[in-house]
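J.: Since chain A is already given, all that's left is putting chain B on it; use the hints.
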Amino acid sequence: MTGEEEKPCFKRENKFIVKSGCKKRMWRSLKQILTAERTLLWPNEAVLYYSINAPPTFKPTKKYSDISGLPAPYVDRHSKLFYANVEEFATVRSLPMDITAGYLQLRGANNLVG
Amino acid sequence: MENILVLKDYKTVPDIVHEYGPTLKFGHIPLVIDNGSYQCRVGWSIYEEPHLIFKNLIARPRKDRCKKDAEPPVTPPIQIGNDILNIEAVRFQLKTQFDKNVVTHFEVQEQVCDYIFSHLGIDSEGSVPHPIVMTEAFVTPNYCRQLMSELLFEGYGIPAVSYGVDSLFSMYRNDIGDTALIVNCGYHTIHIIPVIRGKVIGEHARRINLGGSEMISYLHKLLQLKYPVHVNAITMSRIEEILQEHSSVALDYQEEIRKWSNPDYYEANVKKVQLPYVQTASSSGLTAEQQKERKKEMARRLLEINARKREERLAEDEEQLNQLLAIQDMIEDGDTDEFNEAIKGFDIKSYEDLQRQISNINVRIEKNKQRILAAANAEENLEVRPTPGRMQPPSDPEAFQAWLNETRAKYRSLVARRESRRARRAAMAKRRSAAAAERMRVISRLAAAGDDFGDQDSDWDAYKSISREADSDSEADGERLVELEEALREYEPPPAADQRHTTHQLHLAIEPYRAPELMFQPSMMGNLEAGLAESMEYVFKHFSPEDQLLLANNVFLTGGCSQFPGLKERLERELLEMRPFQSTHKVVKAKNPSLDPWYGARDFAGSNEFENWCVSKEDYYEMGGEYLKEHYASNKYYKSPAPIADNNLAPAGDANVVKEEIVVDC
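Chains as they are written, first to last, in the UniProt record's numbering: chain A, 1 to 114; chain B, 1 to 666.
What the hints contain is simulated information worked out from the structure, not anything from laboratory work. We put the beta carbon where it would ideally sit given N, CA and C, even for glycine. Don't take each hint at face value.
[To be verified] Partner residues aside, some chain B positions facing chain A, computed with beta carbon under 7 Å:
1) Val-102
2) Phe-117
3) Ser-124
4) Gly-126
Just chain A, with the same shape it has in the complex (with noise of 0.2 Å):
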């Protein structure tokens, strides 16, 4: 796509868009925005991205079975999957690694170390 040829009428030129091959401009990353937003003085009453992120929570987090989605109240030792009952403890003993993997990715457990 060369910019010139598809250029809109309204448009006296392209503004962002580059030509294909030309050197592409990197877009800063809302997290790079963020923090470099972060390193200025801004006066004690502005209110900023980062500062209105939603608290911690403070209530336990409750336990649901990975693959059903009841209250789980026991966890596999070997995979680390939660589950609810004895059929379910079937499903997870068979269920193969790359399952397993994803199911502890998705509730976001699959980096915890131990």
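T.: Frame of chain A; chain B shown alone:
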């Protein structure tokens, strides 16, 4: 079946280029753009409805990989918004200008703007001569607004722009007074914004970093894990459809899932979603019977070819033998000269050589004859022998059924045996399990066994029981299993068509409640933020009891994700729980949660004061790109402080470090 849901797989319709009449062209009509991270809605302020509603996505196809010099590389065009007819086909090339709920990628934004303006038919030369009302995220970073203004003023030459917050527009559109607690459930975030007497209390607003897109990907992954076979049929768009049309928020999640743990309730209420099912033709369009027939035919033909070759060779050998015998006759007749002549032609050196060759050929002929005989016998056998090793079912239908059941039972028991053996081996591999202890016991008994070990054959089974490897039993079982499997596959009546459909159904039980529940329990996806109810409680705490009551009596629910059935009731229940005893509360849902921001912004653009709330081109050059005219539905403007000069930075580390000398007593 009574309650099977069929996915509609919605298709988008490409947007038309709208007419750009003289009223619009010369009327200085404001253009209203609700630039949401899910959808973008665009329309003129003088019309009732937005002209364009499209997903804020572009698909940039990769360049042609075949780089032939002959033809110039053809780049397929970029598809934007509703141009993307099949979103799943370009899923991996999708781009959006948004990072969370904030625009950060302005090259994509510019492409989207091009799309917007050209589809509105704007044809004025060199500029877009309309003031623009643009929505932005609550507390958008100045950096992003600056780039947006730069794009609009310098890229499109617009005369003026006004920025506003979508949820505030929606609130004023719904005319619910000037004090409310806005709960805006969006595609990437949930905002809780307290507004008191028309004033947005920004410092006590909170944002939960989770929204519709997270719910979609959660449910997507969940169902893919539940149905690994259908990984490719479970697409994001289908999940989106399930979430939009068949999901709801539970009034009491714990109670809800307790109900589902009852199998009867499950059976009665499970939702079955039919995935598209294609009748798979058997591999080559032939039945098993035909395939077998064909195989037989090929084998027969091969045999025939071999037989013909053998016969040809036999004839050849016999011919040679005759010639050699004729030469032998010559020498016996005493024609030495003729003999010498003849053996030259045959490459034979002497009489002995000749005799050896004759005997060789004789042996060869004999062998060939035997082979031909054997082959003929085998051919006969092939006709009659009923392939040994294969299971043959009885032909009588009743007996056949019995045989089938028996085979199935055998198959199942074998599978069970294999499973138990596997489990035992797995347990044995671990220390301290019962199986491992048993193994150690057997080993120690073996060591202590006297000379009479081996007198009985069963003694040797001890080795089988302690072996960690697959033993001969499992091998034999494996072979038997394959045999049974084959027989079952061949003779089992094929499942009826409607039964086969059921294997392509997704059973949704708790899942349609589980995904929206993420709003209240982000911990379910490993997010440690407080959920919606807890965050609301947190926000309430920062206000005086009187203001709390005002807010609680006007909780305003807006945003695309607020359309889940049951969300309003759930919030009312949560409020009842968190508010003081016997205090009142009320939840108001926006009339049109998705479009009200646009309507609100349209009303705003039509108001008399609109001119005063716009950043003009002069303002832009004067105040910089981040500048914003504050109004009732806008963010607050804080001028970005100058970057801290280097010498103000924390002094070099050395000066602050207190050096301590450590004296070690010896």
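J.: Each hint should be assessed against the structure and marked as holding or not.
T.: Quick rundown of the hints versus the structure:
no. : hint    : result
1   : Val-102 : holds, 5 Å
2   : Phe-117 : holds, 6 Å
3   : Ser-124 : holds, 6 Å
4   : Gly-126 : holds, 5 Å
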